[in-house]
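The listed protein sequences correspond, in order, to chains A and B. So for the first sequence, our numbering puts the first residue at 3; every next one is plus one. So for the second sequence, our numbering puts the first residue at 289; every next one is plus one.
Keep in mind the hints are simulated off the structure, nothing from the lab. Backbone N, C-alpha and C define an ideal beta-carbon position, used for all residues, glycine too. Just so you know, not all the hints are guaranteed correct.
Okay, the calculated beta carbon distance ranges per label pair [said to hold, decoys possible]:
1) 572/B with 176/A: 25 to 31 Å
2) 336/A with 365/B: 24 to 30 Å
3) 134/A with 408/B: 26 to 32 Å
Over the 10 Å line for every Cβ pair with chain B, so calculated as not near, a few chain A residues [what the hints assert, rightly or not]:
4) 31
5) 91
6) 113
7) 152
8) 173
9) 184
10) 301
11) 307
12) 310
13) 381
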Amino acid sequence: MRRTTRGQRLGAMLLVAPLFVLLLVSFGLPIAALLARAIYDPTMHDALPRTAAALDASPGRGVPEDAVFAAFAADLLEAKRNDSLYSLAKDLNNLLPAARSHVLRTARDLSPDTRTTRGELAALDPFWGESDTWSAIRNGVRPFTTNYLLAAIDLHWTEAGDIGAVAPDQAIYRTIFARTFGIAAGVTLITLVLSFPLAWLLANLPGPTAARLILLVLLPFWTSILVRTAAWTVLLQRSGILNELLLGLHLTDHPIDLMYTRAGLIVAMTHIQLPFTLLPIYSIMRTIPPSQMRAAYSLGARPFAAFRRVYLPQVMPGVMAGCLLTFILCLGYFITPALVGGPADQLIANFIANYINIELNWPMAAALSVILLALTLGLFAAFARMLGVDRMKLV
Amino acid sequence: MKPFGSLGLVAFAAAAIAASPAAAQEQLTIASAGGAWQQAQRNAWYTPFAQKMGLKFNEEETSAGMARVQAMVQAHNVTDDVVTVDTAQVLAACDSGILVRLDWSRIAPRDGFLPGAARDCGMGLDVYGDVLAYNTDVTKNDPPTSVLALFDTKHWPGKRGMQKIATNNLEWALEADGVPIDQVYKVLATPQGVARAFAKLDTIKQDIVWWQAGAQPPQLLASREVVMTTAWNGRIQNPIDHENAPFRIVWTNEMIEYDMISIPKGSPHLDLAYQYLAYVAQPENNARLGKYIPYGPVVKDAVEFVPQDVLAKLPTAPDHMKEALPIDMEFWADYGQDLTKRFNDWLAK
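Just need the whole structure built from these sequences, with the hints factored in.
Right, dumping it as structure tokens:
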């Protein structure tokens, strides 16, 4: 008996194995590798091995002593030979603006017979005599770094070696995360308010009529998100259909700004997300026989009590599933904020894309992704614990 | 009989592969930014070069050229042979070690290029201007006379289009705040200078419509979304020339930039890639792009091959160079990351 169940289990596992391996190789591992960049960056450690060792030997703060300078000069000469100088310069520049030029210029001026004491190098370029420079180097030569993760939540290592908040005019990501979660919650709520009565109507209409109405919901659902976003641009812009209509009806005497605003963004996102909230609710509502409500009435329940105590508990799993689906999808919105939203409506995905595509700062993109993933999973876990995953029904 | 049969099949297959034209014909893959500019490159360079060499030209269109190259190089699976690059990106990409350090003896004399156009990892393709443009149907009387009109919302009220990028905008902000042209980068290298630039941008923040793709400014003008917009000169000149659009270009205080071309490290057809660069660097070829889009040549000797009527439309025409500022790539390689973050922070607030 036990052997047969084990055999069955093994068979099931073998059946799933190809899919599991595919997911792991093509999805799980690449994502993990990318996320690992948030904490592991060996560029500077590899380019400055002697400096790293010398700094290890003399821990402390501020400008180090001559031995470290000699090691640093030797490393620079070596980096010049093996072509790692530029990536070193770029990496240090990530930690300290303008460091790039100083590294390249110093390496150019350096020859094997240059005297490389602290005084000599600082005379060559005063940049090397500053404690800011050396706290950046100390920070950068560690292959495992928390810099990017801290930066993703507006923190940094202070000069004194503690974790502190960054200057207020440079703190930004907490605001962006709050904005992303806020807009996602707002859109989820609006789609719920709009789709609940619609789902009820669809579930209680006779078959053919309901099928036709469902088609109206599904048709935009099948259209590409980019096309739908572009359509909203046509509708909302200053010389767009909506503004022309308002002007034509003399409801306003000058075009209203609808594009590049928070309101425009929420309207467009709500439109795109509506089917995701609607369909799970609708599919649950269809399974609830109307006779149950009639039974409740016949047993003396008032309409509201019957709705709250008989109907609502049964549709809750669908509501939860629809809302969670919409909420999590909203967290990753990129194209709609980029096209319809203004600069103050950009969500975290826009910043991640910017770091990946434009600035080529992949560690920072990875760090922001890690934070987003952690917040999303945390929220999902809290949600699941509060309501029970088994109570959620997607279809 | 059977062994001979399969042997025969193998021999036949081998003969077929050897004879197949697809295997004989070489290919060169280029990734560029698309739009009117790639169309112009196609007419001026891709098609004639492919005909001359008897090869097949594959075109990729992407707006994330450097990210694409970085991903390819790191995955050791490079399929692009040459890529076009923004001026501001070429130094950083070069530092990252994802581009080939060019061997100029295989291309053209390095001193035959305009200053700064022949970089370690990138060759200039053309010169373009960041200019101001307006729609004469909107701005009938009293049109703007300098790019700095962007900052004069009293005289020219209304929305203005600007590129969502730190480069150019910070320079213009300082110029509008009274910094002499030759001092702009010196001032911008100081924290006070940066604060000053952002303070100036603050004064018009509410009036800006941000654009990201080069095709947007002419649309913003045509839909009358803005009273004026910054733009790349070719993207405005094309609708003026070919669609009779009522647009005008304001050149005073333009910023001058190069479009660059690079070879990703690990390019599968390195020799051909070098031959393509050498082809584009020949003066008569370099001048040809101007016929299709009004961007100027970067090779000094190419100027004599540019037709007179095209010359007058170029950002480098003497009339247009009033108060012009060439973008400083070294400055942006040093401060670009920091200033871009500051700019994005400022935008998001």
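Each hint tested on the structure:
1. In this structure the hint that residue 572/B and residue 176/A lie 25 to 31 Å apart at CB is violated, the actual value being about 57 Å.
2. Take residue 336/A and residue 365/B: their Cβ atoms lie about 25 Å apart, and the range 24 to 30 Å holds.
3. Separated by about 28 Å at the C-beta atoms, residue 134/A and residue 408/B satisfy the suggested range of 26 to 32 Å.
4. Distance to chain B confirms residue 31/A as a non-interface residue, since its nearest Cβ pair spans about 13 Å, more than 10 Å.
5. With 10 Å as the threshold on Cβ separation, the claim that residue 91/A sits away from chain B is violated: the shortest Cβ distance comes to roughly 6 Å.
6. Every CB of chain B is more than 10 Å from the CB of residue 113/A (nearest about 21 Å), matching its label as outside the interface.
7. Chain B leaves residue 152/A outside its interface by the beta-carbon criterion, the shortest separation being 15 Å against a cut-off of 10 Å.
8. Chain B draws residue 173/A into its interface by the beta-carbon criterion, the shortest separation being 8 Å against a cut-off of 10 Å.
9. Listed as a non-interface residue, residue 184/A keeps its Cβ farther than 10 Å from every Cβ of chain B; the least gap is roughly 14 Å.
10. Its beta-carbon lying about 56 Å from the closest one in chain B, residue 301/A satisfies the requirement of being farther than 10 Å from that chain.
11. Distance check for residue 307/A against chain B: the nearest CB is about 48 Å away, which clears 10 Å, and the non-interface claim stands.
12. Every beta carbon of chain B lies more than 10 Å from that of residue 310/A, the smallest distance being close to 42 Å; the non-interface claim holds.
13. For residue 381/A, the condition that its CB be more than 10 Å from all CB atoms of chain B holds, with the nearest at approximately 23 Å.
Comparing the model with each numbered hint stated earlier shows that hints 1, 5 and 8 do not hold.
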